[in-house]
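J.: Spelled out, the chains give:
2 protein chains.
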Amino acid sequence: MATLSLDEARDLASKALEAQGFSNEQAQAIARTIAKAERDGCESHGLFRVPFYVKALAHPQTNAKARPVLSELSSSIVRVDGARGFCPLALETGLPALEEKAKANGIAALVINNSYNIAALWPEVEELAVRGLVAMAFTCANAYVAPAGGTKPLYGTNPMAFAWPRRGKPPLVFDQASSSSARGEIQLHARDGKPIPEGWAIDAEGNPTTDPEAALLGAQLTFGGYKGAAIALMVELLAGALIGDLFSYQSTERDKFGSGAPFGGEFIIAINPATTASAGSCEDIVATDSNTHAEQLFERLLSQEGTRLPGSRRVAVREQTAANGTTIPDSLYETITGYLQG
Amino acid sequence: MATLSLDEARDLASKALEAQGFSNEQAQAIARTIAKAERDGCESHGLFRVPFYVKALAHPQTNAKARPVLSELSSSIVRVDGARGFCPLALETGLPALEEKAKANGIAALVINNSYNIAALWPEVEELAVRGLVAMAFTCANAYVAPAGGTKPLYGTNPMAFAWPRRGKPPLVFDQASSSSARGEIQLHARDGKPIPEGWAIDAEGNPTTDPEAALLGAQLTFGGYKGAAIALMVELLAGALIGDLFSYQSTERDKFGSGAPFGGEFIIAINPATTASAGSCEDIVATDSNTHAEQLFERLLSQEGTRLPGSRRVAVREQTAANGTTIPDSLYETITGYLQG
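Those protein sequence lines, which keep their order, are chains A and B. Residue numbers for the first sequence follow my numbering, so the first one is 1 and each next one is one higher. Residue numbers for the second sequence follow my numbering, so the first one is 1 and each next one is one higher.
It is worth saying that the hints were derived from the structure and are not from the lab. In this text, a Cβ means the ideal position worked out from N, Cα and C, and glycines have one as well. Among the hints, erroneous ones may be present.
Rough simulated footprint, nothing fancy, chain A against chain B, three-plus residues with beta-carbon under 8 Å [unchecked claim]:
(1) 19–25
(2) 47–59
(3) 67–81
(4) 207–219
(5) 271–279
Could you put together the complete structure from these sequences and hints?
T.: Here is the structure:
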């Protein structure tokens, strides 16, 4: 295992991507996102992802030097054209404008188009919540997941992320796929020759399977049956048709070059609780500000044994990685340092 | 069984409520909502609910003659103070203003405070989608549902509803509890003396149960385990702290008079796809308008045998009830006609 400080992890990712053809701006934005994942112990979105970004260049239309373009679609909607580059720089371009509009108008949205989204969604909703906003984010992916009642892949793993600001503490954040499991977990089971749990997937004939290889050739299933499938469909619509961008199946069909990277849009809503909670209930049992009020709920929740707040595991890991850095397999370290040769 | 036309069902509900002390305005708005549920075969939100509305008057602060007050919290946020009345009239007061703001600004939200919400959420999101908007709605309820890892009620059944407009067709709509089942479903099982499926609830000691009476005394479970619980928590925050209104457990604590009715807020987001999709992807595989684009996804979905669109059952029932009316148990019919005596 190789041990790196978080700064070293970020710089390694950035230099490797730049050596492979990414512009300095694109590489640095991606590397900052990767370093956040390493910081939070979110291995599958950390340095592990560097080869995925490099592989995305396989599509001839991918623009590793893309300069995202910010525009305004209305008084409460900002848009970033990712210009066929990658989502981290598009987000850095759009989030300050989204924050400004949400604070001015009470609610606003950010539309990101034409972008490869290989990262998680929690960094952007957390960023908005650090700035005092409530945030939700949605994106499609490639088609891996069967609809309710169906047997063939149609939806992506279609995450929905949510963040709530907390005074003096990291925001409460969740970021969850509409599928029962991440695709990477099935791949890990396949690598290790272990069966997957029931309910994760069906084989190519539509039969339930615990064989990870059969699952990868078949379709993943949504969490919670038809209710998770309704959420998967909602995410397709919000991150696809609502913003004029690709559905998961269209991202898959576009990827004739085996880049493996989901291409399309992301939709983010930001709400200012200082506006929405300003009138409030006439009941005197409601706290005077949204922050204090929410903490009362969290206290109630945590008073039940066996519970925890979503995202608390990531926050706990932060203290460790800040002190001790992060470790990655030697093979991954060698792959990434190999990229430095260009 | 008693058979009524939809107009008769609406008028019966309205007259019964007015005889019990509701203002004509409140009674008619509630009755319109009840008639929509009967129209769509949504029994648990139809005439079945009339006694719930009457029982809500048990709380001395309930205002059966409330006049909701519309105001503006910011350029994109409208608010309706339900004045301790019931949600249907608050919604009728706020939805036109929400529509106007969403169409002007691209995205807008409606905050409803101080209101009893005994109805489903699909009527309001469907109403917005009929007007061309994409809509999401959230509300808390009383504390009936255990958090992930816990055994005691904390969350409400906390529905999230979503609607997508379709040209020349009823909107695609879903409205799903974050609990495994609606509480009304358990109540119907209890009424009919039928066991509930496993996974719906735990008893007061925290043990899994299929006894609907034990379930009503214990706690319901979220759908899809911790992922459904994250959604339940999000709904508490959006319909509670974000809008300065009661959490589910606060609604329960407030209800010292056994009214049984959830009291608090509702949060609705409306988005104008004509704005958000106006720039769109540079890829020529994306249809030029969001409506056409979405229909491509629905076609793909329905091309898989065994699938259906969310809400399609309700839409199918409409044609039958329009022709044949709706039937309710004699006992319910007698209860409601009994209310007419005042």
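J.: With reference to the structure, classify each hint as holding or not holding.
T.: So, going through the hints one by one against the coordinates:
1. 19–25: violated (count 0)
2. 47–59: violated (count 0)
3. 67–81: holds (count 8)
4. 207–219: With 0 residues in contact (Cβ-Cβ under 8 Å with chain A), the coverage given for the region 207–219 of chain B is violated.
5. 271–279: Satisfied; 8 residues make the cut.
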